[in-house]
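Line by line, the protein sequences give chains F and E.
What the first sequence shows, in the working numbering, is residues 10 to 428, in sequence order.
What the second sequence shows, in the working numbering, is residues 2 to 431, in sequence order.
In short, the hints are calculated from the structure, not lab data.
For each residue, glycine too, the CB sits at the ideal point set by N, CA and C.
Careful: at least some of the hints might be erroneous.
Claimed, not checked - Computed footprint of chain F on chain E; a stretch qualifies when at least three of its residues, placed anywhere within it, have a C-beta under 8 Å from a C-beta of chain F:
| # | stretch |
| --- | --- |
| 1 | 46 to 53 |
| 2 | 210 to 216 |
| 3 | 263 to 271 |
| 4 | 385 to 396 |
Said to hold, decoys possible - Distance ranges between label pairs, derived from CB positions:
| # | chain 1 | residue 1 | chain 2 | residue 2 | range |
| --- | --- | --- | --- | --- | --- |
| 5 | F | A343 | E | D98 | 43 to 49 Å |
| 6 | F | E84 | E | V13 | 38 to 44 Å |
| 7 | F | G54 | E | T118 | 23 to 29 Å |
| 8 | F | G54 | E | H97 | 45 to 51 Å |
| 9 | E | P166 | F | I331 | 17 to 23 Å |
| 10 | F | P266 | E | A45 | 31 to 37 Å |
| 11 | E | V116 | F | G54 | 49 to 55 Å |
| 12 | E | G403 | F | I331 | 33 to 39 Å |
| 13 | E | P18 | F | A46 | 22 to 28 Å |
| 14 | F | A343 | E | V116 | 30 to 36 Å |
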Amino acid sequence: MSAQTDVAVRGTRSVGGPGFAARAGGLARSAALWVVAAIVLLIGGIVLVLVEGGENTAPVHYESTQGDGGRAFVEVLREHGRDVTTTDTYLDAGTAIDNGETVLVYASSWSLTNAAIDDLSARAAESGAHIVLIDPEYDVELWTDSLLYDDLGPGAQAPTRRAPACDSDVANTAGAVRHTDTGSEYFSTTSVPEDSHFCYSGDPDDPVPHGVYVEVPHGDAGGTLSVMGSEPWFMNESLAAEGNMSLIAGVLGTDEPITYYYPVDRDQPGDDEGGPDGTPSVWLFPQWAFATLLWSLPVVLVALLVYGRRMGPLAVEPLPVIVPAAETVRGRSALLQRAEARAEALSDLRAAALVRLGRRLALPPDAPAAEVAARAAAVAGLDPVWTEAVLLTEHPHDDETLIRISIDITTIESEVDPL
Amino acid sequence: MALTWRFLVLTVLAAIPIALRPVSTTFAVMIGLLLIAGLLDWLAAPGIRALGFQRTPGPRIRLGEETSAVLTITNGGRRTRRLHVRDAWAPTAGAHDNRFRTRVRGGSAHERTTVLTPTRRGMLRADRVTVRSTSLLGLVARQRSLEVPAAITVLPPFHSRRHLPSKLRRLRELEGRTAVMLKGAGTEFDSLREYVRGDDVRSIDWRATARAQEVMVRTYRPERDRRVIIVLDSSRLSARYVGTGTAFDAAIESALLLAGLAAGAGDRVDVLVADARVRARVGPIGRLASLDHLMHRVTPLAPELLEADWETITSAVMGVTSHRALVVFVTALDPATIAEDLLPTLPLLTRRHMVAIASVADPVLNDMTSARFTTEQVYTAAAAERELLESRSLSHALSGLGVHSVHEAPDDLPPALADLYIMLKSSGRL
């Protein structure tokens, strides 16, 4: 019967159950709703992320438009014609310092390693660069020997709104500012050095010079180190408050190019390991290589799903029972060997050989074994004593004897009937 | 649902934007885009419910030959279906190249022929049809498996049929002493023929010789219309794997040759397949049933892990006929089983019937006895010799009871059994 006739006569089979229309009225409809909802959510999430532009939202980061971001002051400076370069590369920051430029460093939150601070500080002292640190806290002691940081904690009784109370033109132009973390200030380790300013101190009457905005000379090449001890001054949300922007613009100078260095972990010289220039060797890999490596995880997952999905269930088949025929013989052989039953084994071998020899020599089935052995020796021209020993009398004391006798038996058989 | 290699390629390609802009946002966007692409493509893939499937199995074959089965896919919907299909069969059906891709337009059908090379005898059933449907993009497929019942019949190979012409010729030679048997209904004239060299001088009819002036011989024809009952043992003993198949396979080969031969010689042949119960009875072959019918009946049978109930089998044999018959048991000559179970029932049968036992010898045993160079080999040889001795002594015991026995390797058993039948036939002992 052709396949066409067969289909015409017997019809075809389809996937069982209710049809698509029926299912659409029930479970599938709700499932579709969930699918659509998931798609909408995903699209919404992606649009949101894209609208945000993928900016870095770290505090005071030059890309961040968040309330605590630092994009606004950079933009304002640029609008006023300042040449502001932003970077998160250690190499670029070092180059700017070597060129004696004004370098603003986000030094808060231990963002720089000790080795990096030592390196940059030394290079600034040598080149006469103007370093402006954003709230370096205890790290300030690594930058310069002239300053100390002290944090008295939130309980310290000091005003938040502070007047400059110093002779710095910049501070006096900017006027009063707010310092919310009232206890944290920078102190001088010595008497007031020349050309240094300690402004916005919580207690102007204190004989030890201290303040939130501090400027001290740095190195012999005419460089200065400015410490801006309050992060909020730079933040987008509070930039317009009080004299914050004025203070920033003043501190950063008037005409020199400015480099804003926002340190990241990956390329700073480490304290222990690293490449020839101190850079940790693992960070010598480009970032795209790490990203691609990370993406290999979803790729592997998808590959598993693609090639792990079976094309239908395994074909099952009830097979007929099969018993290995010689299994019982092998079992008996193993039993004989384990029991070292050499005599029994040899007895079987001899009996079989005698039966075969008797038939070949045309002896009656009831012929005695000794007669068969004697006839075999006579016919084959073998030593009758040896033949009788092999076929009848010799006892196998060990395995070697057993093997030898069994080989001798086959020899006798082949001699009697060489064919 | 099943992802395709195209989805994998898309995932790999997503690494490019990630490498160009290695930030977490790109990761999130790429994962989201992949998920959306997958979901949309899954929704776009046409459903499988509109598809109809049917299998048309090819002609039945003997084991060792090729057959085929046609899978017809009809598309009852309007949309074109891009399909990846697996036409699964039982593994021993030997369906090669059974996965294919096709495109079925709305309202049309597609036929696919799967070539089957079965590796065992029996009714080999088709497994499920698994189908994947993809959209034009083919990122994600809908997948379903469904039962489309079909089976192919694989008859026993009947390798022993090559012996049938020669054995039949020998039978005719036996009958040839009466030329009439080859020409048609006999008359008195035709029952005599001229003497040729080699004829038995005792069969010379001197009266006819005197009349014809030539030496004439009387011819005899072997008895016809004898009954032959072949009993195939399908118990656990027949499940033993001997040579290239089970002992039961060799028993089927032997039974087919003997049945063909006996039916050709004009005897009535009945075949019983039995273990703890009678599983099949076919016959009488030559009158009510053909050899083909016998083949068809034994095809789906396979030995089971049951002890043979020889009393049941004996009573079934007695029930076949009350006349004298040649009863042939085709079994495995397991000394313990035969001695304990079969021997006690034999006198009842031998009283009324001629009984023969054909058993399958294991050629591996002879190989085992030949190597004797290590301790293990010697013990194995001893155990094998023991088995052979027991078989031989059992054969002697059976002949003492008036039972003929044939004990041969699987390939040699069918002709040996046929020779036994011819010998009995020619000697007029049936």
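Evaluated hints:
no., hint, result
1, 46 to 53, "holds (count 6)"
2, 210 to 216, "violated (count 0)"
3, 263 to 271, "violated (count 0)"
4, 385 to 396, "holds (count 7)"
5, F:A343 / E:D98: 43 to 49 Å, "holds (45 Å)"
6, F:E84 / E:V13: 38 to 44 Å, "holds (40 Å)"
7, F:G54 / E:T118: 23 to 29 Å, "violated (55 Å)"
8, F:G54 / E:H97: 45 to 51 Å, "holds (48 Å)"
9, E:P166 / F:I331: 17 to 23 Å, "violated (33 Å)"
10, F:P266 / E:A45: 31 to 37 Å, "violated (56 Å)"
11, E:V116 / F:G54: 49 to 55 Å, "holds (52 Å)"
12, E:G403 / F:I331: 33 to 39 Å, "holds (34 Å)"
13, E:P18 / F:A46: 22 to 28 Å, "holds (27 Å)"
14, F:A343 / E:V116: 30 to 36 Å, "violated (45 Å)"
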